[in-house]
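**Student:** For the sequence shown, numbering that gives the first Met the number 0 begins at 0 and goes up steadily by one.
No wet-lab data here; the hints were simulated from the structure.
Predicted model only: the values in this text are computed from it and were never measured.
Hints should not be assumed to be uniformly reliable.
[What the hints assert, rightly or not] Cross-link-like lysine-lysine pairs, in silico, BS3-like; alpha carbons within 30 Å at most:
hint, residue 1, residue 2
1, Lys178, Lys90
2, Lys371, Lys385
3, Lys350, Lys149
4, Lys343, Lys224
5, Lys343, Lys265
6, Lys337, Lys243
7, Lys230, Lys63
8, Lys72, Lys171
9, Lys115, Lys265
10, Lys178, Lys265
11, Lys99, Lys178
12, Lys243, Lys233
13, Lys163, Lys115
14, Lys149, Lys257
15, Lys414, Lys230
16, Lys243, Lys178
17, Lys58, Lys115
18, Lys72, Lys95
19, Lys406, Lys286
20, Lys257, Lys350
21, Lys265, Lys165
22, Lys233, Lys163
23, Lys243, Lys371
24, Lys385, Lys257
25, Lys406, Lys265
26, Lys414, Lys385
27, Lys63, Lys178
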Amino acid sequence: MKKVLLFYLFLMLFAGIAFSQPTPASSNVKPTTNKSQQSNCNQIIFQKVQRTSVKRGEKVFPEKFEAFVCFSKGQSTYTEESLDILDSVYKIAFDKENNKFYKITIIGYDDAEDLKESNTNLARERAVTIFNYFAGREGTEYIIRRTPSKSFHSCDGETEYIIKYKMPFDFKWENLNQKPQSERSIYGVDLTSKAYILIENNPEECLGKFNDYYYPSQDTTLVSKSLSMLKMPKGALESLTHTKEELNDVMTLQFEEKLSFEEVTKNYNLVPHRRQYIISSGYFVVKSNHQPSYETCKLKDKFSQNITIRLPLEEQQIQARLRFYARTYNPNGTWDYKAVTTTKERDRETKMEAITGSFSAFQLDTIYVGKKIDEKEMRDYFYPAKEGEPGAFQAMGGWLKPYKLDKRGSIVMKKQMQLILRRPVGDAITE
């Protein structure tokens, strides 16, 4: 009986000792991660991200994630457990549906021991091992990655394709033996005998200067001799996103004006129009070394009317109510010169009035300033003429001219024509 009591007392004492033992210390990794895969000291850490609406069945890939790969003491070859972590990193970062543009950082660490001949290059060799793993998956000396992308081109619209690029990387190694304790861990994870991997989305570095190509590459403003102004915003002629192709980003843009009386009347002509006549009081010529083609561009409506021309008016021209006329395409591909939406503004300092017109990339060519009239109004602007006379041009089955010379050689114009044209150099008489 005494033996039985002693046995039970022994069991109770053992149980008390067992239950009084402390629980294992919890990991000191800060709770900045929302998921981790662990195998002993190997682990992957994901950055916390805000929840966004995702379609059912759609994969979501992180903007950034990190991994720790362990090595045996004194070794630079990874273990089978470490290989599992590397495979997991690869499956996430190199998934065929992953549309991130990842950059990789690899840092190797040694065993935090005093340096000697046998372990001097241990940290570097571990970093090389990790690099070779990812490069070896493609069988190349670099880490090659393929990213599914959608390119938008202002002419062709959106296109799905794969961008193949050499993955940018930072490659480092550090000896820990002289590092303070505060620099020997990341998120509380001891870096001794490990390699650290950082994968982060970085389109700018992956695609370089050819990421998001715009033509022109910046807002452009040109001012002419008469203070006329052309404003062309960034990408007004063409835009292209997510590309590694080498594109011509050198912008040559010319903005010429023919507005003086002498320039206009020397080779005068009416602007073509199907039903009426457009009396020209001058014109601009806008030329670019790269201009979209109406015939080949599919998304013509993507070119908004965001190119503007501002023209200061002379006093008499304000009364004439001049407008801009530009080549405008019809749905069937034909074109006419049509009036462009014009706004008026007055300069606060000079008190001069100006008109501003808005144009699309397809209207860059010759842009006229003038007024639209009916055939019966032609006699209010022009004189009948003969072939070879100064300023004579062919129209309405005969010859017309915008001015004539009196006996003293002074320029004579009809009142309506004098309102439209800029004042000539010298004397001008209204008939």
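**Student:** Any hints this thing doesn't respect? Which numbers, in order?
**Tutor:** Those not satisfied are hints 1, 3, 6, 7, 9, 10, 11, 13, 14, 15, 16, 17, 18, 19, 21 and 23.
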